[in-house]
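Asker: In the order they appear, the protein sequences are chains D and B. Just so we're aligned, residue 1 is where the first sequence starts under this note's numbering, counting upward by one. Just so we're aligned, residue 1001 is where the second sequence starts under this note's numbering, counting upward by one.
The hints are simulated quantities; they were obtained by calculation from the structure and are not laboratory data. Among the hints, erroneous ones may be present.
What the hints assert, rightly or not - Using 16 Å as the maximum straight-line C-alpha spacing, the simulated EDC-like pairs for lysine to aspartate or glutamate come out as follows:
1. K46/D x D1106/B
2. K46/D x D1059/B
3. K355/D x D1106/B
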Amino acid sequence: MSVTTATGAKVYQAPGQAGSPVEVKARYGNFIGGHWVAPVRGEYMKDLSPANARQFTTVPRSTKEDIELALDAADAAKEAWGETSLTERARILNRIADVIEEHTEMLAVAETWDNGKPVRETLAADIPLAADHFRYFAGETRALTGTSTEIDKDTVVYHFHEPLGVVGQIIPFNFPLLMAAWKLAPALAGGNCTVIKPASSTPWSILKLAELIGDVVPPGVLNIVTGPGGEIGKALATSRRIAKVAFTGETVTGRLIMQYAAENLIPSTTELGGKSPNIFFADVMDRNDAFLDKAVEGLVLYAFNKGEVCTCPSRALIQESIYDRFMERCLERIGRIRQGNPLDLSTQMGPQNSKQQLDKIMSYVDIGLQEGAELLIGGKQPKLDGELADGYFFEPTVLRGHNKMRVFQEEIFGPVLAVTTFRDEAEALEIANDTLYGLGAGVWTRNGNLAYRMGRAIKAGRVWTNCYHQYPAGAAFGGYKMSGVGRELYRETLTEHYSQTKSLLVSYSDQALGLF
Amino acid sequence: MADTDGRAPVGRVTATPAALAALARLREQRGEVILYQSGGCCDGSLPVCLERRDLRLGDGDVLLGSVDGCPVYIDDRQYAVWKHTQLIIDVGEGEPEGFSLPAGDDRQFVTRSRVFSPQELAALRGSAEGEPS
């Protein structure tokens, strides 16, 4: 299954290589109606690993005809799935979780190879969190209750959660399996059938998941179609046959999603990113203890998943009285981040997801320097050996500047931290909220009252207090301002975003109203 | 760099020959197209290329200029924090992730940027056409 390097760390063999835990076919089909279906027009697109920029498989370059086939399958399945008992739906969701867990290593290596994220993250976070997400919604489904209210002595209203029907879900490239789980689990829990479009650069790991759960989920309940967003994403989002659309990605496509939903008069959920502030008050340095160490790591978490996280804490706001001492510790920690083969368990940061992401990051560092930012560390591609030399690696980077710079205002989606200072609580809050977005934020202080005030005053959907980058099921996730509309990850995602509310109003009286 | 259709001497947006060629090809295939500068997650910071009728435009959409007749828009909130930079529409590797039309096989439109000099900013402010509509 693996080899061990001189450093003692285990290294997985790449998918397709002898000894790899993952088998790769040269070509995949779409997963429609429980079957592997070749694209109607017979066209395929390549899938590269960002670790070495080499193609390792091909997936359908689907067209709207393929979306129609998937919608046919979903339509055919929706009645039976919608009437499936809560017990059975919960059992199937739990079974999906079990299968994911039983194949953690295989899925982790597949995810790492397709996306570039280090395997220690996929093993410890992406795959276990995906499994847990299915379990969470299995529990919510099994425990789902409606309400009944006695309007008067002989009149009762019953509130039922009913399925929406068929939903369309568009998944981003940064957490291909976990983001799919975030969308898929509540959709299935609600009794809906889904047509999923994975990201163009990471279409493969969800197909590997479909190989595992193909006979766990009834045919047509889960359908996966790969291909370009402008073609099949649009065909799915504009279809009159879907009852809801969910999307994670950039703002203009998010706006199109909402526009198309408006044209069809259906609901949508959008998660469109952020520019999350991570705020460090002076008292974090009051003692040299475990909490200070945690706060330092909290700043360095901007490099988690190579910065390709919607909630990347990419703006560090540090109280000026501790700036020099605190940043010295942080830069020392950043300088020790190990980059390399993402299949090596000792690797802490892998390559960016694609050439275009790498180019964008380099372009932003260039803009930051033009704007007068000071480069504190990184700012270039690392020199790696062998085939990794062709990978899309970029060094963890820190730019010091001010909040009006574009590197402080726009999501770079890479390991680039923009750092600035503040004088007091009021200025910290002003800078934190001086952004178009409002998805995440972090507050670090030993003062509980201060943490609470900041947490309530920051205009963001999630404020981590003395922690960051935790995504447990059960904690609502979603944006304020331009970061999107809707909430994922908690019970109401099932009851509000993936269910209709039926109110059945019943009279148990024989008496006429007496009006006519 | 391309002309900016007779706007201010220094345009707020311009395009490389590769981008102009890709836009010309798209126009032949699909009719009129627009570019809209995106923001946010994943593919954010890229210009999304759409058939002209695809996106419903509103009062908050700022027309930055046009490149060879193709209008380039940005959200007014984003414009407020980007306006000290010139946007240069170019073509890069890869498939677009969002709903953008590709700029050719395995190619997409990308935005490169340049910070305006103080003189250029003054000239833009002084020009009747310096402030976008």
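Asker: Tell me the hint numbers this structure goes against, listed in increasing order.
Answerer: Failing hint: just 2.
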